[in-house]
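There are 2 protein chains.
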Amino acid sequence: MAKLDLHNLLLNLPLFAGLEEADIQLLLNGCREVRVRSGGHLVERGTHCDGFFVVVVGKLKLSIPSASGQEKVVELVGPRQSFGEAVTVLNQPFFMNAQALEDTLLLHFDRKTVLQLCAQSTSFSQRLLVDMCERWLGLMKDVEAFSLQSAAERVVSFLLERPLESTDNGFKLELPANKNLIASRLNLKPETLSRIFSKLTCAGHIRVDGRTVHIQNPESLRKLDLVVH
Amino acid sequence: MAKLDLHNLLLNLPLFAGLEEADIQLLLNGCREVRVRSGGHLVERGTHCDGFFVVVVGKLKLSIPSASGQEKVVELVGPRQSFGEAVTVLNQPFFMNAQALEDTLLLHFDRKTVLQLCAQSTSFSQRLLVDMCERWLGLMKDVEAFSLQSAAERVVSFLLERPLESTDNGFKLELPANKNLIASRLNLKPETLSRIFSKLTCAGHIRVDGRTVHIQNPESLRKLDLVVH
Chain A
19 MAKLDLHNLL
29 LNLPLFAGLE
39 EADIQLLLNG
49 CREVRVRSGG
59 HLVERGTHCD
69 GFFVVVVGKL
79 KLSIPSASGQ
89 EKVVELVGPR
99 QSFGEAVTVL
109 NQPFFMNAQA
119 LEDTLLLHFD
129 RKTVLQLCAQ
139 STSFSQRLLV
149 DMCERWLGLM
159 KDVEAFSLQS
169 AAERVVSFLL
179 ERPLESTDNG
189 FKLELPANKN
199 LIASRLNLKP
209 ETLSRIFSKL
219 TCAGHIRVDG
229 RTVHIQNPES
239 LRKLDLVVH
Chain B
19 MAKLDLHNLL
29 LNLPLFAGLE
39 EADIQLLLNG
49 CREVRVRSGG
59 HLVERGTHCD
69 GFFVVVVGKL
79 KLSIPSASGQ
89 EKVVELVGPR
99 QSFGEAVTVL
109 NQPFFMNAQA
119 LEDTLLLHFD
129 RKTVLQLCAQ
139 STSFSQRLLV
149 DMCERWLGLM
159 KDVEAFSLQS
169 AAERVVSFLL
179 ERPLESTDNG
189 FKLELPANKN
199 LIASRLNLKP
209 ETLSRIFSKL
219 TCAGHIRVDG
229 RTVHIQNPES
239 LRKLDLVVH
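Chains as they are written, first to last, in this note's numbering: chain A, 19 to 247; chain B, 19 to 247.
Bear in mind the hints are in silico, worked out from the structure with no lab data behind them. Just so you know, not all the hints are guaranteed correct.
Note that identical chains are pooled: a pair holds if it fits in a single copy or bridges any two copies.
[Unchecked claim] Below, computed lysine to any residue pairings styled on SDA-like, alpha-carbon distance capped at 25 angstroms:
id	residue 1	residue 2
1	Lys207	Val161
2	Lys241	Gly87
3	Lys130	Arg145
4	Lys130	Arg229
5	Lys159	Gln99
6	Lys207	Glu89
7	Lys241	Pro83
8	Lys90	Lys241
9	Lys159	Asp68
10	Lys207	Asp160
11	Lys90	Asn109
12	Lys159	Asn30
13	Lys197	Gln138
14	Lys207	Ser84
15	Lys217	Leu133
16	Lys197	Leu33
17	Lys217	Arg145
18	Lys207	His126
19	Lys207	Arg180
20	Lys77	Gly228
Can you build the whole structure from these sequences, using the hints too?
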């Protein structure tokens, strides 16, 4: 892989937008590249990472393992997304496993540098605060979905939140991972997700072709009464 | 109720500990008392509150309502606990309903003041950041429990997290709310919670007397194999 223009990269990450040159230099000094092959484990739960990560290219699965060998997929993270900020601030071990789903390049930002930057740059500490507030609200929306939405409502919301691409007779989207991971992300059993895909297909709302899902009319899908599905 | 010594109160709240006198004065100017009777609604989801709340005395239920009239209890908050920080920072409407379970006195901190304090006090903005990181991690632990723990594991964890008071032949604790609210907090149906209480009672691990739960041996309760319950 070619040598990264880290300086330029940092300037274009939402978390670091608007930082002064001196702050960017500080970050550069406390940052290193990390590469993980597809399938490789970047972090195991319980590990101290002394910093957080930003994905440059690739994709990772963040999941909580259980003693019985099950896992709960919490998030799928891709380019420009970060993870590990909370445990970095709190100086705690990682709460989740992070495994690469593709060959992935990340940047690791050292804890000491992050704390120093927090103390000297109001702009950065506020950006980090906004980032954590957004994360909290996102997780709260997950809790709402798991607790109050039917399985079919969760699936339809998940589909309609993806970027849609228009086609000759409607729209299409790419699933960001295989169906087992998506089922876990939505707190569903894989067979429940398959059943819902089948029902939506039989009713003519979607057509599934590998990881591509065709949707003829997103609006009518949004308006379906899914409570009892 | 007697006039509050707000100045002293603020100094003793974890969120404001270590603030300088000028910052405390700023907070005092942007803060007001709010009283809600038991059963009264402080905030409905979707309302802009332009600030966040700290409970002085009393107790509230924070819950997410659903279109079908169900609700998911997310948190029970009591004295010295705060809520609404994330939506205050993000300038968004409240995500949850807040209803008083007892006569409750709160302080409301105005958004403008909070943002001004964030900008001028690194100490405060870092404390708020730590607070949000802890909240995120707490919610993540809830997601783990809902997704990967059995119903009985959730109930036992909930009991063992309460403050235990020793008695002549073991320990006791007070449930912080009625069983329906606790069931919702743990993502359980009320009848599931009752069934688990009955099983634990029959096996001699607990004795339930209204809102008081007697536990003879917390350690043996902690070590129970609850996966299949």
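### Query
Which numbered hints are broken by the structure, listed smallest first?
Per hint list: 4, 12, 13, 15, 16, 17 and 18 violated.
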